[in-house]
Structures are given as structure tokens and as C-alpha cells.
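Visitor: From first to last, the protein sequence lines stand for chains B and E.
According to the working numbering, the first sequence is numbered sequentially starting from -8.
According to the working numbering, the second sequence is numbered sequentially starting from 704.
Accuracy of the hints is not assured; some may be wrong.
Mimicking DMTMM-like on lysine to aspartate or glutamate, the simulated pairs with C-alpha atoms at most 20 Å apart in a straight line are [as the list claims (entries may be wrong)]:
1) E:Lys859 - B:Glu443
2) B:Lys178 - B:Glu164
3) E:Lys800 - B:Glu443
Hints were generated in silico from the structure; no laboratory data involved.
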Amino acid sequence: MRRLLVICHLSLVVCLAAFAQSQVNYNLRVGTTGEVKVLQNFPETYAGEKVNVSIQHSAFTIVPADGLPYLEQLDYVFADQPVYELGIWGDSIYSYTDESEVRWTLWRNHREIKNRAQRVRAANAYKTFESYVRTHTSVAKRSTGWIWLVFAGMLLAAGIVYAVVLILQRRKEKCLTPVEQEMLRRKRVSLRRHIGSQAYLWLLMVVLYAPIALIAVFSFTESKILGNWTGFSFQLYANLFSGKADAGLNSAIIYTVVIALIAAVCSTLLGTLAAIGLYNMRARQRKIVSFLNSVPMINPDIITGISLFLLFVALGFSQGLATVCIAHVVFCTPYVVLSVLPRLSRMNPNTYEAALDLGATPAQALRMVMLPELWPGMLSGFILALTLSVDDFGVTFFTKGSGGLETLSTFIYSDARKGGLTPELRPLFTIILMVMLAVLIYINIRNKKQEEK
Amino acid sequence: MSKLVQIFSSRRTWAWPYVLFMALFVILPLILVGVYALTDIDGHFTLHNFAKFFTHSEAIQTFLYSLMIAVLNTLICLLLGYPAAYIMATADFRTPKVMAMLFILPMWINFLLRTVATVELFNMCGLPLGEGALLFGLCYDYLPFMIYPIYNTLQKMDTSLVEAAQDLGASRWQSFWKVIVPLSMPGVYSGIVMVFMPTVSTFAIAELLTHNNIKLFGSLIQDYITTTDLLNYGAVLSLVLLIIIGLTSFFGDHDAKEEGGGLV
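Hey, can you work out the whole structure from these sequences and the hints?
Guide: Written out as C-alpha cells, the structure reads:
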């Protein structure tokens, strides 16, 4: 059994290392950029020059190292591709065909091409181009192998440490009485369980946070493409705060904040009133309204989005800021109701009546008696509404219309579809992460203090 | 005037604006989905769109494939998430709260950004994008939704029951299967609902994680609903999804989402 474990462990290490070795290679994946020395006439004009290649979803972009644009020269790279040909137009290499629409989908989605033969040819064209770039240029080797080597090393180290600990323990064990040995064995079993479960949690945590950490780390470098470390710099943060980032991103941030604030304020007001009303309803009415309240929460956002989209189409509303705000209020309010309700059930229901009896108007009673009690619930509802609104994609996507309104989510979506991620998104994301962390810690501390009280 | 004051001082009426709002923007739109599904472009009643769905092999295939992916993802999340929730709820280390919080934190970060980050991670590690990446990404996005409800129920569980089982001679394994698992079922149900429903209706994640090579039902709906003359057919597809969602939420705990809502 033990021998089997050792063999498994070692072979896993070897496999990882071998995989790492195979990964030291050209990497022509989408998003790759790098300096390329043209070995042969790749495009003729570039022979012997250094150019930058950037591979996007739709195109291979080639820019000479001196940065001069390469204009309107049409070269057929593959004359042997009858339908899908690859050519250079401007500073990009495109594949094109008579049906110009296919161009965009060619490399992104072979499956969208209905005709099977065409699809195969498209896929082949891509492959040929890839091998052409590999053999005729020295594409910057972006070795990704080191990641796997690190994994292999960590695994090996863990194994060695474990083996050493085991051997040392075994030695100590030999000079003990049988009873002590048994006790030690039991202790070790529980310890092993503890270590095993902790290791599992931490492993899961590492996997969960790896993509997030990747973005956070690469927010401190200037490179356009994620994964290319070009030295430590705060440039992206500076760009973000000085408004030098992409104009679309700036307006998306502003819209996101505006929409979130409007939606959160409206839904907090509406939801608080609704919660008070709901709390004072008779059981049957209450059931109906609670069901109504749970519908938007059960509905996935695509359904909420589509149904609202159909409503706005049917009513002839022009979609834009107003419709997005309405939609956000729709899915935020139920959560506000739910966070205010527990507060209501905790407060003395007679205080409001007492205030009225003592001559307060309903508005006064609401302001001076109810609000101070409901305040914390409203606040957490407000925060929840804010985060939900900022986080939303599905509903916004269907209700934003085609007027160019973008929130952060939809901006990221269209940005990612185009192939790259605007670099300034990385620092923004890091900041959001930090804020979220701070808010969560704050809430946790607050809850703990309340519990202590 | 005094009557008006009376109406507003009865707090029951305070929910009216909300009920009205919900009727207009939640119930009416849902009815509209059905109406659109049953009419053609000119607004005449027709069953043609339904007939089209049942003969449209691409739609059916995508639908079944999405269901499969959703089930698979739910299963993976359950298998990965249950042990994590169990460990956190029962372990006697000092900071289980912080740990649970750390697991939930990614939930509050825009899921598209997380998805893009996953894509970049795959690129960086030199792994191909495709079905594997799709499952990884989905699991990565929705795992917290599985862990949280299970963790909640396990934490509230009466541990003396487990001790009693062990006192009565049950082995660790037996007490786990016969006591802990049945007691945690409500959490498992709401976890399943919270993972399954968004997965089956997801549309952006699949596109980004597979470079649009794999299409899920959500993307199909999006394609049709945003094309003006196919809007009615898109409504049929949404209706199909709605039915699935309805079935799932009946299967699952009714207040499954409320637990998620109580995160803060």
C-alpha cells in the first residue's frame, strides 16, 4: 500500500514535469503577443525584420517593430486554400471569403459554419496558418512550462517532507511500549485527518483564488495582454484614475455607479415600505405577497431580462437608462424586503401605535419610531442591492437597448468577445476585490459585536 | 382627507405600491413570455413556434446538452463542496468563520471578470479551452453557492445527535451516512437549486470559456430573442427554460434563494 502511494506520487511528479517540458513551446493561443523575428518572407516586406504579433480572436495582428503601420497591401499567404484564404490587409492578417460575414466566426466558431466541408477547410486553414507562423517566424516562446514545474516541485517537496516526518516518527516509536505506541498511532490518525482536511480546504481555496490572484498580480504591470510580465508599474492604476483609460470603460464605470445608486435607493425605499406592509398583513395576503416577492429571486437573470425585454418591446418603451434602472429595482427589492423583515419582527409592534395615539402623524411615527429600528436592516438591504446591481449582467444585457449604454458587466462581456481585456480593468477589479474584502470584514466585525452585546 | 389619512395609517396598505410594481414588472412580463410564444410576428395566435421547437434538432440537442452540463456541474460542485462545507462546519480550528467568508467572497465579484480570469489562467497554463474549461469555469463560478447553504445547515446541526450515534456504536462512516447526511439534506437541496438553475440558464460563461465553440441553451435563447423576426421563437425557448426552472424550484426548497439572500 505504502509502496503504491510512493509510486503514484513519483509518477505524478514525473508526469507533471514531462508535461511542463512539452509546454515549453510556441504558444499561438488567442491573446498571445510577442516579438517575432521573421525568418523568411512571412509577409514579404517584413523579411529579416522584427515584428510584433498579436493573436486575437478574429485576426493575427502584425505590427513592425518600428511601429509604422503597414498599409493596404494585399498578400495571399495561402493560395492553396480555395475558399478560406488568409491575407494581409493593413496591419492585420485576415482570413476572408466571399461571404464576408464568415470572417468573424471563422476562427472563433467553426461549428457555426453549417457546411461540414467548409468547416473542415476553415479549421485546416487555421492550422496551416498556425504551423506557417511557427515554422517561418520565431514566435516569442512564451514558456508556460514553469507553472507546471512549480507544481511538480511543490508536490515532490510535500512528498519528501511527509516521508521524512514519517521516518523520524517511526524511529521514535521503536523505543516505546506497546500501549504508548497505540496511543501515538491514534493521535497520528486524527492528526492525519486534520491535516488532510485542511489541505483539501486550502487546495480548493488556491484553485478558487488562482484566477483572481492572476488578475490582481497582473494589475501591477503595463502589458496589454494578461500573462506577459513587463515589469512592475502603477501605470494602469494611474490610467484608471486619471481617466486615460478606454472611453468606453470610463462611461461604463459611471453608468454602473449611477444605475447601482438609483436602483439601490429606489429598491430600499420601496422594499422597506413593502416589508412594513407585508408584516402587518393577514396571513393569506401575506402568503400571496411573499410568493410574489420570491418570484424575481427564483427566476434566473436571463428569464427576468427576457421577460422585461418583451414587456418593453410590447409597451414600445425605448430601452436605455430608465429601463435598466427599473429592471434592477425589480430584482433588488425582494432582497431588501427580506433583510428588513427580520428587523420588523424583532421590534415591538405597539410602539408605532403608541406614537399615533400620542398624536404623531403616520409620517412622524415612521420617521421617529420605525426608521431608527429598521435602519440596520435597510442598510444591509441597500448594500445588498448595490452589490447585486453592480454584479448583474443578464438583466442589464437584455434591457440596455442598443443606444450604446454599457455597464461594467456588459462592457467586460463585449470586450472579452472582441478577444482582449482592456488592461485598466485589472486594477479596477483589484480595487473592487479589496473593497469587497473590506466590506465583508466590516460586516463580520459588526455582527460579532452585536452578538457580544 | 381624514379617510385618506386612515388608509395610510393602516400599515397594510404600504405594500401596495410594491405589489403594483411587481405585478407590472414581474408578473405581466412573465405572462408576456407565454403570449409571445403563442403568437406570430403579427400577433395572431399560432402553435407554429412550439411545433418548430420540437422539430428543430439543433435546439433540442443544445437543450439536452445544456441540461447534461448543468447536471454534471451540479454533481461536481456537490462532490467538491460537500466535503469542504463539512470540514468547515465540524473542524475545530480557530477561524472557520473567516474560512467560510473567504469561500463566499468570490461570489461578490463580477462573474464575467472571474470567467475572463479563468480563461486567462487556462491560456497561461497552456491548457486548451473547451468542454473541460467550461466545466472548470462553471464549477469555479458556482461552487460557493453550493458550499454556503450546506455549511449553514451543517453548522446549525445538533452535534449531540452525532455523538449519540457514536455512543450507540455507529462507526464514523455509519454516523456520517445515517445521521449527518440526512440532516444536511435541506442545505444540499438548496445548494443544488442554487447551482443548477443558473447553470442551466447561463449564456455568457460558455461563450467566453470555449471561444463560442460550445453553445448552451442560454446563448441560443439570446440569439433568437435579439433577432427581431425570431423573437416569438425565442419566447418559446424561454418558456421551455421557465418550465425547467419551475420544476427545479418545486423540487428544491422554496426558500432556497433566501438563504443566499441572507449572506450579508
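Visitor: Work down the list of hints and note, for each, if the structure agrees.
Guide: Going down the list of hints, with the structure as the test:
At roughly 19 Å between alpha-carbon atoms, E:Lys859 and B:Glu443 fall within 20 Å of each other, so this suggested pair holds. For the given pair, B:Lys178 sits about 13 Å from B:Glu164 by alpha-carbon distance, which is consistent with the 20 Å threshold. Annotation: proposed proximity of E:Lys800 to B:Glu443 holds, straight-line Cα distance about 16 Å (limit 20 Å).
Violated hints for the displayed structure: none, as all numbered hints are satisfied.
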